[in-house]
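**Student:** Just need the whole structure built from these sequences, with the hints factored in.
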Amino acid sequence: MSAIHLKNLTKSFGDFAALKTMDLEIADGEFMALLGPSGCGKSTTMNMIAGMEEPTSGRILFGERDMAGVPMGRRGVGFVFQNYAIFTHMSVRQNLAYGPRMRGAAKAEIDRRVGAVAEMLQLSPLLDRKADRLSVNILQRVAIGRSAIMEPAIFLLDEPLSNVDAAFRAVMRTELKQLQRQFRQTMVYVTHDQLEAMTMADRIAVMDHGVLQQVGTPLEVYNNPANVFVARFIGAPGMNLLKGRPAESDRGLVVDLGPLGVTPPLPDELASAVRAMRGDVLYGFRPEQVALAERGLSMPVSFVERIGARTIVHLGDGESAVKAVFENDVGLSVGQTAVVAPPASSVRIFDAATGLAVKAG
Amino acid sequence: MSTAGATPAPRDEGAKLGFRLTLPAQILVLFISAFPLLMQLYISVTDWSPLSGVGWWNAWEMWNSFANYTDLAADTRFWSALQRTAIVMLVCVPAEFLLGLALAMLFADDFLGKRVFYSILLMPMMVVPAVAGYMFFMLFQSGGPVNDILARIVGAPVTIAWLSDPTLALIAVMIADIWQWTPLMFLILLAGLVGVPEDQMKAATLLGANAWQRFTTIVLPKMKTIIIIALAIRVIENFKIFDTLYIMTGGGPGVATETISVYIYKVTTQDLIWGYVAAIALAILIVLSIVAVYAMKRMAKAREVPA
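Protein chains in written order, with the working numbering: chain A, 131 to 491; chain B, 227 to 533.
Honestly, I wouldn't trust all of these hints.
What the hints assert, rightly or not - Taking beta-carbon pairs under 8 Å as the criterion, some of the chain B residues facing chain A (in silico): (1) 246; (2) 422; (3) 425; (4) 431; (5) 433; (6) 434.
Unchecked claim - Calculated pairs, DSBU-like style, for lysine-lysine (alpha carbon to alpha carbon, straight line, at most 30 Å): (7) B:450 - A:260; (8) B:428 - A:137; (9) B:492 - B:466; (10) B:450 - B:466; (11) A:307 - A:137; (12) A:260 - A:307; (13) B:428 - A:237; (14) B:527 - A:237; (15) A:453 - A:489; (16) B:450 - B:340; (17) B:428 - B:450; (18) B:450 - B:523; (19) A:260 - A:237; (20) A:150 - A:137; (21) A:489 - A:150; (22) A:307 - B:428; (23) A:150 - B:428; (24) A:260 - B:428; (25) B:428 - B:527; (26) B:466 - B:527; (27) B:523 - A:260; (28) B:527 - B:450; (29) B:428 - B:340; (30) B:527 - A:260; (31) B:466 - B:523; (32) B:450 - A:237; (33) A:373 - A:453.
Derived from the structure by calculation, the hints contain no laboratory data.
C-beta atoms are modelled at their ideal positions from N, C-alpha and C, and glycine is treated no differently.
**Tutor:** Given below as structure tokens:
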């Protein structure tokens with residue numbers, strides 16, 4: 131078991147800075163998801179932790195130990211590849227035994243360890259099956275088992291579910307999370323799928339363009355995004371952001387959204403923080419938290435998506451487009467006008483100039 | 227075959243139609259493979275020769291009750307030619323394989339000037355074997371470039387009679403073969419090598435395998451089929467080694483470089499006893515068929531069970 135500490139880590143490929151700077155502490159036994167769109171530097175970060183790539187600058191510590199110059203075979207990391215990279219010319223047993231065999235473990239010792247891992251992963255009946263004819267969930271277990279047999283302190287998983295069809299992904303997510311509870315290793319999980327990150331991770335590190343945007347528990351990132359990128363990226367659909375100007379009214383501080391009118395007053399603590407800054411703001415609220423109201427933002431319905439359990443209503447267009455998610459079909463149709471209001475407590479304010487969240491209090 | 231429970235009639239009719247449609251092709255195949263084989267078999271039990279004055283179809287008049295085969299068993303020149311062929315093969319094919327594999331591993335990674343070297347490397351394969359033979363004939367003359375280069379290295383005149391020394395002539399012939407056919411081996415093995423999945427190599431590294439272990443546990447097993455194909459092609463081709471060799475030495479000095487093909491050629495063109503030639507050729511066909519069948523069996527096996 132081991133904590134991971136990334137200090138001022140950077141990586142450039144020629145002129146291209148894949149990772150601009152990264153400071154991250156991953157606790158011992160933690161399940162950390164690196165989440166971001168493709169090209170955000172998450173895989174590069176993971177490859178550097180595994181030792182497949184050398185950092186351009188900065189340090190990687192496992193516990194207290196600096197990993198600079200430690201070759202990838204000696205870092206004690208288990209790595210699960212995107213397509214699992216199972217040795218297809220071997221049997222399941224040979225796959226599991228590969229690590230100990232390469233390190234010259236005794237035959238009896240190998241058999242014992244393979245037996246134990248196979249038992250834990252329910253692979254025992256499949257041990258003599260050839261690995262090129264296995265279903266994907268078994269491949270995943272073999273990939274994990276093959277690493278787990280080395281008892282690595284750290285498990286790295288590189289988008290292991292991206293080749294799995296959507297229906298099966300939920301099953302695999304559950305299985306993976308249970309496995310992590312069993313092994314209790316530090317896990318770093320790279321993904322571009324927020325659903326995977328939200329459901330499995332203890333904490334999520336959201337990345338974009340080689341920069342770490344925010345680290346926090348799934349609910350923290352969802353409820354209190356640190357900036358506009360995280361606000362838009364997390365959630366499906368992402369947070370609504372409307373540009374406006376803070377204005378005083380007799381009911382308290384409101385945001386003047388121009389043609390959309392003024393918002394309900396902001397909560398006191400948030401209001402005082404907003405008063406302290408200058409310039410335009412972005413008025414943010416989650417589509418799921420929108421409610422139909424008597425007073426609020428009056429907007430035309432431009433599109434309605436009904437996806438069974440939920441209905442997504444698109445309101446307005448262009449700069450002032452807003453999405454609202456309702457649990458039931460609220461009976462709105464295109465052309466109608468809806469009056470919506472986010473509850474005051476769920477409103478988040480961002481500085482329009484810097485994109486950073488304005489923290490209450 | 228569209229409806230379930232239909233009478234077997236449509237299937238039979240389909241098979242009949244299929245037979246009729248493929249009949250011309252089958253006749254062609256029969257004509258180019260089975261006919262010559264049967265003709266060879268027929269002639270091989272006679273004393274027939276093109277000078278015998280009867281057509282080959284009347285060769286039964288010269289039936290010699292398997293004398294060709296009993297002669298063959300006692301023909302020391304045949305057996306030593308066979309032995310020589312085996313020696314050439316056992317030196318050339320492994321040398322070509324190892325050189326080809328080493329080159330393939332070199333070319334699997336990038337290096338400066340790779341494309342240029344790649345083209346140069348493939349050139350020997352494209353040289354007409356007869357031309358290659360004449361080229362090496364000149365290179366190995368006692369006043370030729372090979373001796374000249376050796377002389378510069380040792381700093382004294384070198385006059386090795388490459389092609390008139392029994393042992394050296396065989397070595398010279400093998401060098402020519404290796405020069406010409408290593409590129410083919412290289413090409414086939416490179417195709418196999420780039421097909422080894424990179425992520426599996428990385429996975430092996432992460433599991434602690436060193437370069438040699440990766441080679442023996444991942445690369446070689448993955449390349450097994452292609453290695454068998456490459457070796458089978460070269461074994462069969464090398465067994466028939468002729469044009470380069472014949473131009474360089476003509477099988478000489480004496481019979482020092484007389485391989486089985488050269489022997490057959492001489493018996494065919496000089497002794498003109500074609501019944502005997504047919505018997506020799508058939509014996510060789512059987513040997514090569516055994517190699518081919520073995521290779522195919524190994525290939526099928528390699529695809530079936532884990533290593």
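**Student:** Under the criterion that the straight-line Cα-Cα distance not exceed 30 Å, is the pair residue 428 (chain B), residue 527 (chain B) satisfied?
**Tutor:** 27 Å, holds
**Student:** Does the CB of residue 422 (chain B) sit less than 8 Å away from some CB of chain A?
**Tutor:** Cβ of residue 422 (chain B) sits 10 Å from chain A, so the hint is violated.
**Student:** Check the hint pairing residue 450 (chain B) with residue 237 (chain A) against an upper bound of 30 Å on the C-alpha distance.
**Tutor:** Holds, at roughly 26 Å.
**Student:** Keeping to a limit of 30 Å between CA atoms, is the pair of residue 527 (chain B) and residue 260 (chain A) held or broken?
**Tutor:** 14 Å, holds
**Student:** Between residue 466 (chain B) and residue 527 (chain B), does the CA-CA distance stay at or below 30 Å?
**Tutor:** Holds - the C-alpha atoms of residue 527 (chain B) and residue 466 (chain B) are around 27 Å apart, at most 30 Å.
**Student:** Between residue 428 (chain B) and residue 137 (chain A), is the straight-line Cα distance small enough, at 30 Å or below?
**Tutor:** 25 Å, holds
**Student:** Does the alpha-carbon distance linking residue 260 (chain A) and residue 237 (chain A) stay inside the 30 Å limit?
**Tutor:** 20 Å, holds
**Student:** Are residue 260 (chain A) and residue 307 (chain A) close enough, with their CA atoms no more than 30 Å apart?
**Tutor:** 26 Å, holds
**Student:** Just to be careful, I want the Cα atoms of residue 527 (chain B) and residue 450 (chain B) compared with a cutoff of 30 Å; is the pair within it?
**Tutor:** OK: residue 527 (chain B) and residue 450 (chain B) at ~10 Å, within 30 Å.
**Student:** Does residue 523 (chain B) pair with residue 260 (chain A) here, judged by a C-alpha cut-off of 30 Å?
**Tutor:** 20 Å, holds
**Student:** Assess, step by step, whether the Cα of residue 428 (chain B) is no farther than 30 Å from the Cα of residue 340 (chain B), and give holds or violated.
**Tutor:** 24 Å, holds
**Student:** So, as I understand it, the hint says residue 431 (chain B) touches chain A; can you test that by seeing if any CB pair is closer than 8 Å?
**Tutor:** 5 Å, holds
Checked against the numbered hints above, the structure violates hints 1 and 2; every other hint is satisfied.
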